[in-house]
Amino acid sequence: MADTNTPKPSSSVKLVLLGEAAVGKSSLVLRFVNNDFQENKEPTIGAAFLTQKCNLPTRTIKFEIWDTAGQERFASLAPMYYRNAQAALVVYDLTKPTSLVKAKHWVAELQRQASPGIVIALVGNKLDLAGESGPAEGEDADDGQGPGDARKVSTEEAQAYAEEERLLFFETSAKTGHNVSEVFTAIADPRNVLEVGEGGGGSRHGSQGRRGAESQLGGGPGRGGQGRLRLLEPRLCLYCGQGAAIFFARRFDRRLP
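In terms of numbering that gives the first Met the number 0, the numbers along the sequence shown are unbroken and rise by one, the last being 256.
DSS-like cross-link-like pairs, simulated, lysine-lysine; straight-line CA separation at most 25 angstroms:
(1) Lys-7 <-> Lys-52
(2) Lys-40 <-> Lys-151
(3) Lys-40 <-> Lys-52
Calculated directly from the structure, the hints in this document are not laboratory data.
All of these numbers come straight from a predicted model, not from anything done at the bench.
Construct all of the structure, not just a fragment, from the sequences and the given hints.
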């Protein structure tokens with residue numbers, strides 16, 4: 000009889016979120032980590048670091064998530080966060096076509112400069128504004144006060160681009176939670192992602208370009224996940240003297256990107 004108390008293998012996945020300001024990157028992470036949504040969330044300054052431990056049937060995955068600021072003045076800091084990342088979520092607002100243009104810029108930069116084999120997911124957020132994601136938790140589906148269809152980027156356009164570039168593709172709503180955990184499930188699929196084990200070594204399973212996943216992933220309170228938000232401290236850059244915001248984890252034993 001197998002020992003059910005034997006610890007499952009564990010591995011970590013460094014994941015970075017990129018995209019234009021106000022597309023909902025932080026809201027997606029907050030929904031995944033804490034199963035929460037804040038209507039008027041303050042913009043991210045520099046970057047935020049979060050972790051989420053997910054228990055899969057055969058192993059445990061710890062996501063190390065870097066949520067980057069979308070403001071243009073922080074764009075030059077992005078390589079510091081996507082360096083050595085195994086996965087990236089490139090997020091756009093499906094009600095704002097210019098945000099897809101910016102997302103394509105980030106995809107091209109990742110393909111040029113990020114780690115070989117990085118898994119990239121193109122994520123169209125704010126599906127609730129298109130009236131396609133169902134009511135948010137606590138709302139009546141028949142209250143007659145839906146937001147209507149504010150969609151400006153068609154599913155077909157974004158999906159065609161994702162297929163051309165061999166990206167994972169999802170449309171989500173951080174507000175209702177629609178498809179959010181599915182994004183991270185696909186990233187966690189061992190056929191997609193390069194995982195870093197406890198010993199620091201990595202292994203590649205499969206290749207990117209697959210848009211489905213069969214793994215079951217815990218994504219927040221009540222779903223088997225263990226979310227944790229860690230605040231970061233701003234520091235002035237000692238090299239350029241320009242007062243650039245560089246963020247370091249408070250715990251000195253955490254490896255920085």
